[in-house]
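Undergrad: Since the structure of chain A is already known, use the hints to place chain B on it.
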Amino acid sequence: MSIELAQRLQQRFADAITEVQDARDMPVLICKKDQISAILTHLRDDPDYQCNLLTDITAVDYLKYPVKQPQRFAVVYHLYSLEHGHRFRLKAYLSVADLSIDSAVPLWKTANWLEREIWDMYGIRFNNHPNLKRILNHIEFEGHPLRKDYPVDKRQILTINDSLMDEMDKRLKEKGLK
Amino acid sequence: MQRVNQLHPVAEDFEPAFYKDLHTDLMFLNMGPSHPASHGTLRTFVALDGETIMAAVLEIGYLHRGFEKTAEHRTYDQVIPYTDRLNYVSALMNNVGFAKAVEGLLGVTVPDRCIFLRVIISELMRIVDHLVCQGANLVDIGALTNFWYLFNQREKLYDILDKLTGARLTNSFTRIGGLARDAYEGFEDDVLNVLKDFEAAVLDVTRLVKKNRIFQNRTVGIGVISAEDAISYGFTGPCLRASGVPYDLRAVHPYYYYDQFDFEIPVGENGDVYDRFMVRFEEIHQSIRIIRQALKMLPGGPVNSDDKRVSLPPKDQTYVHIEGLINHFKHIYEGVKVPAGEFYDATEAANGELGFYIVSDDSGKPYRVRCRPPCFTIFSAFPDMVEGGLIADAISTLGSINIIAGELER
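Protein chains in written order, with the working numbering: chain A, 1391 to 1568; chain B, 228 to 637.
Do not rely on the hints blindly, as some may be mistaken.
With beta-carbon atoms standing in for the labels, derived distance ranges [claimed, not checked]: (1) B/V447 x A/H1432: 37 to 43 Å; (2) A/G1475 x B/D533: 47 to 53 Å; (3) A/N1521 x B/P566: 25 to 31 Å; (4) A/P1496 x B/Q544: 57 to 63 Å.
Just so you know, the hints here were simulated from the structure itself, not pulled from any lab data.
From a predicted model like this one, the values you see are computed outputs, not experimental measurements.
Think of the CB as a built atom: it goes at the ideal place given N, C-alpha and C, for glycine as much as any other residue.
Excised from the complex, chain A in its bound form (with noise of 0.2 Å):
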C-alpha cells in the first residue's frame, strides 16, 4: 500500500525522487536535494500521505561503506502519519563540496534540534536554519564526531562556558522584547 504511494509520488516529482525502493521496514525514496523541501511540503500536506510527524532526521558517513554509495554523505528523514499510519524513509545525498540542504524547520519545528544535532555531527549546512549551532558537543568542539574519519579515541579540552546571551538576543527579539 504504501510503496504505491511512494511510486505516484515519484511520478509527481519525476526529476526529483530518482529512485523507490521496498525496503522491509517501510518504502525508501531517493531524493535530489534541490527539491527536498518540495517533496516534504507535498507529503506532509497531500491528504493521501499527512505525514505529519517528522520522526527523525539523521544523516549517515557513507566515507567507509563497502557498498558504494551515490555520494558520501546521506541526510535521512523518517516520516509518520498519524492519520494513515504509514511510514517514509527519505534520503537525500550531498556531495563533500557541497554539504547542504534546506531546512525543514518551516515544516516542522522538532526539525530545529535535530537539524542542529546533524550539523553538530556531521558538519551538514541546513539552509536557513533560525539558529545553527552546536547541540550536544561543547561550542569550543572542533570537528564534526560521528564523521568516520573522526577517530574514536580522540580527545579534546575544552574550557569556555557558553554564555547563551547569543540565542538569549535572538529569543528576546522573536517575543518583541527587544
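TA: Same frame as chain A, now just chain B:
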C-alpha cells in the same frame, strides 16, 4: 515599568519619583545545570520579569557520552550495555528496543517465551518509569509524602530485577535473539505480588492528589501544549497522548502480541501538567492489566532463538566439540554478522517512541546506530511551554515531560 503600572497603578500616583527610578529591566537567571529540580544536568537560561519567565533558551549536552559513535566500535551484543544508559530509569525497555531492531534487521524471530518475558519486563519498567516521574514531580511541587508511597514499591520491583538480571538499574538483560537467561523459579508469583503493591500505591497517591485543591492549582492549565504544536514538535508517548492524540505504537502498530492483550490507551484533553499526570497514572493501571494477561499466557520453551546466526551453541557443543568451540569463539569475538542493509524499528518506551535506525555493513559491528530518543524532541518544546508562566510552573512542567538526560543527550 509597564508591568509595575499594571500591578500598582495607585501607588505610582502617590510616589511618582520612586517609581520613575525603579529599575525594571529583565533579569537573567540560570536554572540548572546542577540543581535537584532540573532532573539531570539541564540548563535553562531564562529572562525574568519579576517571577514571570519572559524568554527561555536551553543548553544541553552535559551528559553527552557519544553513544552513537561508541556503538560503531562495538559488536551488536556489546552495544546492549550502552543502551542501559540511555533511559536509565527504564533500562530494560532500551535493551528490548535495540535487540528488536537488530533482530528486525537480521530477520530473526525470537521464541514466544522470550517475547512474553520481554513484554512483562517492558511493562514493569514502564510502571517504574512512571512511578519515578510522578514521585519526583510531586516532590517538586511540594507533595513530598507521595514520593515514598511510590518509591517504596519501586524498590520491591528492583529486588525482583536483582534476582532476574543480577542488577538493579543497568540490567543489560536482552541478547540479540533472546534474553541473557530464563526467568527464575517463582518469578511469576513475585511479579503478581509486586503488582498488587503498585496498584495500592498508585490508588493511594491518586486519592491524595487527584482532587487536591493545591495540586490542581499547581497543575491545571500549566505547561500547556496543544495537539497541533505537540505534533509539530514530534512529541510521542504520554506527553502527546495528554494533548489528545491517541498515538501509541502498542495499539497502532502492535508488535510482540500487543494486539492480543486487552488494554486501553488513556488520552488527555488539554495537554497540561495535570493531564500528563493523569495519563501516566492510568497507563500504570493499563500496564498492570497487560502484565497480568501476559503472565497467564506465558508459554514454556526456550528463551533464545535457535538461529545459528545469533545464538551461542549449547554448552555441551562448546566444551566437547571443536566446531562448537569455534562457533562460540567467533560469535563472541566477531559478533553477530548482519548483512549490509538499513532498518528502522521503534518500540513504545515509557517516554514515547524509542526508535533505532541501524545501518549494517555485513560485519559484526553496526556501521551506524541512530537512536531516536523521545526526550530530545519533547525537550525542544520546553521554552514554548514555560514562557509566560512562573518559575515554579517551569519546574512542574519540566517534571511532567519526564526528561531523562541520559536519553536526551546519549
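Undergrad: A separate judgement is required for each hint: does it hold in the structure or not?
TA: We went through each hint and held it up to the structure:
A hinted range of 37 to 43 Å for the beta carbons of B/V447 and A/H1432 is consistent with their spacing of about 40 Å. The given range of 47 to 53 Å is broken by A/G1475 and B/D533, whose C-beta atoms sit roughly 33 Å from each other. Take A/N1521 and B/P566: their Cβ atoms lie about 40 Å apart, and the range 25 to 31 Å is violated. Separated by about 59 Å at the C-beta atoms, A/P1496 and B/Q544 satisfy the suggested range of 57 to 63 Å.
The structure fails to meet hints 2 and 3 from the earlier list, while all remaining hints are met.
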